[in-house]
Amino acid sequence: MAERVDSHQSTLRLEMRGVCKRFGATVALDDVGIKVATGRVLAMVGENGAGKSTLMKVLSGAIKPDAGQMWLDGLPYRPSNPLEARKAGVAMIYQELSLTPHLSVQENIMLGMEPTTLGVVRWKQVRRRAIEAIEEFDNPELTPDVRVSRLSVGSQQLVEIARALAIGCRTLVLDEPTSSLTQQDVERLFEIIGRLKRQGKAIVYISHFIEEVKRVADEVTVLRDGRVAGGGDVAAITIDEIIALMVGRQVEELYPRSTRHPGEVVLEVKDLAGVEKPRSASLQLHRGEVLGIAGLIGAGRTELLRSLFGLDPVRSGQIKLGLYAGPASPVRRWMQGAGILSENRKEEGLALALSVADNVTLSRLRGFGPLGLVLPGRQDRATRRWIKRLGIRCQGPRQSVLSLSGGNQQRVALARLLQHDVDVFLLDEPTRGIDVAAKALVYKLIDELAGGPRPKAILMVSSYLPELLGVCDRVAVMCRGKLGPTYRIDEIDEHKLMLEATGQAPGAPGREVKS
Amino acid sequence: MSNNQPPLTARLISVFRALYKQPSVKLILALVAIFLFFVVAMGVQEAVKIHRSNRNILAELAEAGVPPDERQKDRRLTSPWPEGYGASLRFLGRPNLEMIARHTTIVGIAALGMTMVIISGGIDLSVGSIIALSSVVIAWLLQYAGAGPWTAVLGGVAAGAFFGLVSGWLITRLRVVPFIVTLGMLLVVRGTAKGIAREQKIDVDMDRLMWLDELLASVPKERSWMLVPLGVWLLVVMAVVVAVLLRYTRLGRHIFAVGSNEETARLCGVAVERVKVTVFTLCGAFAGLAGLMQFSYLTVGDPTGAKGLELNVIAAVVIGGGSLAGGEGSILGTMVGALIMTVIDSGCFQMGLPNWVQEIITGVIIIVAVALDRLRHRSI
Chain A
1 MAERVDSHQS TLRLEMRGVC KRFGATVALD DVGIKVATGR VLAMVGENGA GKSTLMKVLS
61 GAIKPDAGQM WLDGLPYRPS NPLEARKAGV AMIYQELSLT PHLSVQENIM LGMEPTTLGV
121 VRWKQVRRRA IEAIEEFDNP ELTPDVRVSR LSVGSQQLVE IARALAIGCR TLVLDEPTSS
181 LTQQDVERLF EIIGRLKRQG KAIVYISHFI EEVKRVADEV TVLRDGRVAG GGDVAAITID
241 EIIALMVGRQ VEELYPRSTR HPGEVVLEVK DLAGVEKPRS ASLQLHRGEV LGIAGLIGAG
301 RTELLRSLFG LDPVRSGQIK LGLYAGPASP VRRWMQGAGI LSENRKEEGL ALALSVADNV
361 TLSRLRGFGP LGLVLPGRQD RATRRWIKRL GIRCQGPRQS VLSLSGGNQQ RVALARLLQH
421 DVDVFLLDEP TRGIDVAAKA LVYKLIDELA GGPRPKAILM VSSYLPELLG VCDRVAVMCR
481 GKLGPTYRID EIDEHKLMLE ATGQAPGAPG REVKS
Chain B
1001 MSNNQPPLTA RLISVFRALY KQPSVKLILA LVAIFLFFVV AMGVQEAVKI HRSNRNILAE
1061 LAEAGVPPDE RQKDRRLTSP WPEGYGASLR FLGRPNLEMI ARHTTIVGIA ALGMTMVIIS
1121 GGIDLSVGSI IALSSVVIAW LLQYAGAGPW TAVLGGVAAG AFFGLVSGWL ITRLRVVPFI
1181 VTLGMLLVVR GTAKGIAREQ KIDVDMDRLM WLDELLASVP KERSWMLVPL GVWLLVVMAV
1241 VVAVLLRYTR LGRHIFAVGS NEETARLCGV AVERVKVTVF TLCGAFAGLA GLMQFSYLTV
1301 GDPTGAKGLE LNVIAAVVIG GGSLAGGEGS ILGTMVGALI MTVIDSGCFQ MGLPNWVQEI
1361 ITGVIIIVAV ALDRLRHRSI
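As you go down the protein sequences, you meet chains A and B in turn. So the first sequence is numbered by the numbering used here: it starts at 1 and just counts up by one. So the second sequence is numbered by the numbering used here: it starts at 1001 and just counts up by one.
FYI, nobody ran anything at the bench for these hints, they're computed from the structure. Only a predicted model underlies this, so the values are computations on that prediction, with no experimental measurement involved. Where hints are given, some of them may not hold.
To be verified - Partial chain A-side listing against chain B, Cβ under 10 Å, derived:
#: 1; residue: Leu352
#: 2; residue: Asp358
#: 3; residue: Leu465
Note that the Cβ used here is the ideal one computed from N, Cα and C, for glycine as well.
Bound-form chain B, shown alone (with noise of 0.2 Å):
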């Protein structure tokens, strides 16, 4: 540091100007305004709901020939702004946070594996197969061979990494693309996950569960201290522990330059096969977890659920700065991205649209998000 600083307010700004500059900053600024957007909209449609309802009152009162100073003091009518206030708070308030955070947290688990596979250039289908099978394997262990709930966990989780691993090593031996490879995974997987379910639901017994249904459950009040549920703790620690690992570990920034270009990896000694099954393996892995979280989330194993689910978790991924290219990709950018599509989802619910006007909202996000990470692109 020398002597002659420059004054603080330009020292600041050229610090908010570097800060602007990473993308996902800007992210997190889309994931703000996406939120105020419904903050306000939603105390705009619930004023202007009480003022339309005011006005019929006044109307009905009219037909009924209540003189108009009468009128203005019946008892159902309602000051709009006030309650618009209330319903914005409402979206703003800590339930509706905790809510958007549990629901985030299936995808946002699947989404840390898949931003690893993305970064290194490859794609993971089976991700939605994967996590219905983790549900119905632990199911079935509680159900049927009486584990406990760690084995039961243990034991989805590593039916998901397995089947990652089946997948890195058919890419990295068989040489087929991994768009491929997953595409078969995602079926066989699936078929799986029904053969162990015998194609019905299984239904866990409360007495067996424990603590698994509390995974995502809303935090009781004893124990608001939490904030949010353990499960979203848990994907809180995982993201810190995989963001770590791509940025400061030599696997990350071995998945980084396979992503980015392979044949360099190849010639730099990279163990371009071996960082390639790890990588399925790991989403694999997270993909079980995620099971972990719907089975919590539903108590039960459905060989059925879960159905998509992987291309939302593309999408996230995909939001969040990832390149199908590969090379990049950050787990933040990941988070925000997931965040960004259930803050929209809930929004649109809590805003009384119909499902395809949310379903095409969040299309159109993608599409616009990649366009101007591309548009970022160009510029440089």
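Isolated chain A (complex conformation) (with noise of 0.2 Å):
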């Protein structure tokens, strides 16, 4: 062994080689190789299916690969289950947090390694050892007495770091760890990210962000149906060449843009105020336009939009939907021409256990049939034919949604509104936790409708500031319940966004301080 220790093999922390893995008939792993050094993030980036989490279960020990090697610091690795895994020194951050929710942050950082005394734990030592975890990160919210569920989610995954750093876990993979943080959150990760790494932790950082990627990682691994595409150092790589190696062929425009000619205005809200958010929103959304609503998580922009639509409860202000001012329900505002798209797709926006047909219908189950029967017959071929247009990846209509991708359930989402045929589109967060193809194909849906020959209004909220910028017409920013000016997309960028975002740009509407 001693002989393996050269100067150059010390500071590869992490390596594998030929890693190849068949679930049945399908190749999830072809010959994949990484290496990962102390002191360094290589990111791991992909389409939805590409194999990167089979990758991660395979460094973790969850599953075993068919063939293939790895090392950690220059001796074999094999684990067999997590656990191994993490004795070895190697931490999975799951874009699921595994903590338990009610109990305290010390607790979860010590659970299963509690020091004790014939069984009884001895709490000061907890304490210590918690507090040493937590203090480097520096946050005000993280105390060792708090209840998790009480954390924001940023602050949840800094206690699932902690407590890969207490056990002594000197690699870190991190599967998407910022597809659920508020900007501010993540800028915090980002911070952290480059403190473990001057400590010598060797990181692996999975994302579908590509900026992100750019940012915090030194090397780059593009996977694309199993196999490494390409990758290299960040620095030498641009993001359309990361994005073509992952879908395989060059995307020239993610963001297309016809021209769009904005019309009358059909949604019309003034001084909305929900029970707790909103606290005041205002806006005027016109045919052919997109008109996105930016801010961080938790700044009530899903709030808006569900009282918007009757979901929530609506406490003052007006809403005018095309001439119609009355009290708001989902099932009036369907009928009136609405339609929502949600952030929530596995809880809210579909049914699961139910098939395609019944997820794209559901809103609108009349005409299937004579005397107000819904056919099963007409229901598929209706739903075929978005199937078709909108490039669903199933086995037929009478699949159910449970089995499809993410990307293809977003895709059987979005087919509900159209098979509607609503006039006002409130979409949440249209692309969360999708691949970029299925994004790619939301961006040109959206600008279809808002540019086409029947153009459609867009009220579009999400939390990736270049997609708002490249989607919409104008923006408007939320920030602590209340909606901010829209502004034309031309007179505005993202760093002046995401300042009005965290509530640091001067106060009054129209201003003209510059930074």
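Given two chains presented individually in distinct reference frames, assemble the corresponding complex, making use of the accompanying hints.
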């Protein structure tokens, strides 16, 4: 062993070579190799289904590869379960947080390795070690006694990282760590990643967000269809090149933009206030335009859409949808020609156990047969049209939505709005958790809807600023329940939006202040 | 249809495969298997019994000192296998089938409503009480109010529907889970029934019954073209109606949507509350109808009857593939589930097995059926 430890090898923390894995007929991984050195961040990018999660499962010992080898610090590394991987110093921070919400921060950090005397937990030591683990994060929200369920998602993630560090993990695998974080928390996370790097930890960073990868990673490896499609030093590769590697073709224009001709106002909101959020919101949405709403998570954007749609109660203010100004309920809104796409596909947007056809037609089960009957054949026929148009990958209209991938599920949810033929689209995070190809389709669809021969009006909430700037005609920012003024897309940039979203922009509307 | 179709056998095989994938087809196969098991078991049991008695007779004769040749000629000896065959045929025969059908009717009718409730993600524990109430109301109307049979029937069903409506209303307005609300209603309705009946059975004079006692009575010879009594036909017709309602109407699709994901349904403009109230009302009405059957069977309004029957009803739905989490279930499955339970009951009874064995077997079947169903889900 001694001869392996030369100066180059000693900095190489983790190496995988020739890893293969098949599930039945599908090849999940084919001859995949990666290297991560100490103090470096390797980003893994790829579309959904490219093999990222399988690779991570191999790394964490959750599944065994069919072939290939792994080394950790120059020694063969063959974990047979996640616990062994942790003991070897490799920790996974998963997308779905695996904390126990009812326990406190310190209990969570020390869970499963509480120091005890004769079975009695030594709380002082628990507390000391927990404080050690969290103090470097420098986060006021994180105190040892607070219940984890009361923390924000970002802080919960830090608890998870603290737990990994507390047991001495030196290799961290972060799986989509920012997907549910606010911009502020993302910044904080990046800072912490930088700090961990300087401490000599090796980090594997899996993400959909390529801009993020450019910022945080040193190297990038792109997976496509279970193979390494390319990669290298982050400094030497452009975003377009990464996307091209991911999708296997050049995406000339991720955000198509046809000329749009805004028409009459179809949705007018005046001083709308809900029970808690939104606190006040006013906007005008025209036919033939895409209006974006930016802001941090928790700013009240979802609540705004929900109260517009009658899903959340309205305390005061006026909503005028087309000609209708009366009270709102989802039933009425659908009849008035509005449709909503939920940000929460799995829990709210779709009935997962039901078929594609049922999900697509649920909001309007009319016209599928005589006497108000709903004939499955006609439902299927209507659905097939959207399966074809949106390229939904499924066995047929009767397949249950549960077994579809995220991107395809989102297409089903969008198909419902199209099938209903709504005029006003309320889209809440329409591209959350879907792969690049599906995102491209959503952007194209939005553009076609807004700029087509029968232009629609689209109100779109997104936390992803490049997307808002790419797709929308106008953007407004929501901050702490208040909706700010709308800006034309050419008078604003990411930086300004971010300042306003974090409440740091000088207050009044029509501000001329330059920073 | 294209010209180059695969050969007939291949097509048949694929049709069978597709059929086999249907959960209710598997259930029907299970029903047939259980039924055939009893047919065979009944025959074997009879044959063994005869064989034993033959042996005893021979032994007796031997003790009495009858020579071997003479012993075989004893009149009491019968051949075991034809007798066993006869016993099997009896279980397969029309009277037995008719009896199974009659015995399934009460649970079956109540299970129609319960299927809807369970698909919508709810549960109704009050159906047993509603059945008793309905029978009491019918008897009371006939005996004391001088009502005709139609009025009485309508009264019974309306009483059931009313209490279903109350349950649904409480569930949606007070936002209390169905389990608790209907648990409460179980007592409320039972108490109401006892109050109406003054805590005793209401006997109805024969001349006031008219046709009401014929609904579940064995079919008389001269009307053998009916195959099964009117009540069973009512169950069949109602089952078809509810199956069509669930599969081909807006309400039906909404019931599935609410049960599958209430939030999605609300988001899609389904009037979730109205769907729930409707479903519970229908369930109450069907329980009322089951109460009519109960009354017809006993010709007595018994406020303490049908105790615990709600559990049989729920079991029928659950064996039939209904998921207590909502979104799943079918009328065909429920009917088969109800039949499976009756077949086991009557099979065990006719084999002379004690009641406790019967109960254990039914309990095991419920757990196995649901466990198999879960397994199927996991493999998808």
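Outcome of the hint check:
no.: 1; hint: Leu352; verdict: holds (7 Å)
no.: 2; hint: Asp358; verdict: holds (6 Å)
no.: 3; hint: Leu465; verdict: violated (26 Å)
Going through the hint list in order, the structure does not satisfy hint 3, though it satisfies all others.
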